[in-house]
Amino acid sequence: MYIILVYDINTKRGGKMLKLCRKYLNWIQNSVFEGELTNIQLENLKADANEIMQEGDSLIIFNNKSKKWLNKEIIGQEKSSINNFL
Amino acid sequence: MKKSFYLFNPGRLSRKDNTLKFVPVDENVNEGQARYLPIEQVANLYVFGSLDANSALYNFLGKNGIGVHFFDYYEHYTGSFYPKEYLQAGQLHVQQSLHYSDPMKRITLAQEFINVGAFNMLKNLKYYQNRNKNTAEEILIIEELIKQINHTTKVDELMGIEGNIRQVYYSAFNKIIPTFPFNGRERQPPTDPINALISFCNMICYTACLDMLYHTQLDPTISFLHEPGVRRYSLALDVAEIFKPILVDRLIFSLVNKKHIQVKHFRNEVNACLLKESGRKIVMKAWDDKLTDTIKHRKLGRHVSYKHLIKLECYKLSKHLMSIEQYQGFKTWW
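Taken in order, these protein sequences are the chains called A and B. Under this note's numbering, residues 1 to 86 are what the first sequence spells out, in order. Under this note's numbering, residues 1001 to 1334 are what the second sequence spells out, in order.
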């Protein structure tokens, strides 16, 4: 499943969330991630995120069957490529 | 699905916040922007550039079952970081050894590897025969040679036939990819572009097979066709025999015929011809696409990637060793 994840979270907990998301997904912009996950990985991610989040925090996950249904257009600077050729 | 990551740039890979951090370094030792590789998405790492890493990183990779394959400046495969086996199975291990030490059982498996490998080579030739490349002569010779396979009683004999088949097969390359002249296979070091390309791709195929073996209960050091040596994972060579025609050769044909790979992508050194970095990147990209490409599996009735196909082959092998089902190698039908 192809995931786009965005969060809006109190700065106190922002760092924790960033570290968690980096484990599962590619960072593309401040508080935005994308990548391919399995169902179980996604459930794990959600469970871990729940531990971190408190009142007023928000996390949105867009999911898609496959990357091919996703059009991605970058305007301006690409903050980080998600290429697997480094 | 987990992905392979290919590190071409020199840099430092480290463990950071329970995930991987890669900091590229340029010639003047200036650090570039850090990239975090999500550990949950990493299947394995291929290291082509020079990499700084410490044992904490390897401990971490080992715990996550991620193998690292290293290639030197001359793009030879130098070795792998192979994490601790996590799928041990004593019974299978015993059976695998028994199949190796019993000459009858060993030769049946070895013959199957060669048979299927040769079959897949023939498929390639027939494909190009249909595209007016006139490989009829080679097809006939190989078909004759294949008949001898089942009469062999010793592995050496079998290897001899395999060598003959390959020689005939490679002689057809001049017709299939006329842009690069090819006068037979040369190794250590390859001296012309096409040999360099074959060497490089075979090596990657070998690492892909090793990767898949890691995720099965099989012991990669006990092989049937190739003689198990020390310090090498020879079972990966056996499995690669089946997949070389399907993955490597087809990849080479399409890369060369579509002019993705050209003479400018090679560099000539003393007595050797090697792929330049730009060429290596093109090949690795195509390889990665190929491995994740899917086909509809006839028996399973669903789409599987080529990478998974290698793993299925390992499963079939384990079934054979445990006497559940006779091993039949993967034959292409297209």
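Be a bit skeptical, because a hint or two may be false.
Claimed, not checked - Derived SDA-like pairs (lysine to any residue); straight-line CA-CA distance at most 25 Å:
1) A/Lys23 <-> B/Lys1296
2) A/Lys46 <-> B/Tyr1306
3) B/Lys1002 <-> A/Ile40
4) B/Lys1002 <-> A/Arg13
5) A/Lys16 <-> B/Thr1332
6) A/Lys65 <-> B/Tyr1306
7) B/Lys1296 <-> A/Ile61
None of these hints come from the bench; they were simulated from the model.
Hint-by-hint comparison with the structure:
Taken as a hint, the A/Lys23 and B/Lys1296 pair is broken in the structure, with Cα atoms around 32 Å apart against an allowance of 25 Å. With a C-alpha separation of about 31 Å, the suggested pair A/Lys46 and B/Tyr1306 falls outside the 25 Å cut-off, and the hint is violated. At most 25 Å may separate the alpha-carbon atoms for a hinted pair to count; B/Lys1002 and A/Ile40 meet this at roughly 13 Å. Pair hint B/Lys1002 plus A/Arg13 does not hold up; C-alpha atoms about 28 Å apart against a cutoff of 25 Å.
Distance hint between A/Lys16 and B/Thr1332 is unfulfilled; the C-alpha atoms sit about 49 Å from each other, more than 25 Å. The suggested pairing of A/Lys65 with B/Tyr1306 holds, with an alpha-carbon distance near 20 Å, which does not exceed 25 Å. Distance restraint check for B/Lys1296 and A/Ile61: the Cα-Cα separation of roughly 31 Å exceeds the 25 Å cut-off, and the hinted pair is therefore not satisfied.
Going through the hint list in order, the structure does not satisfy hints 1, 2, 4, 5 and 7.
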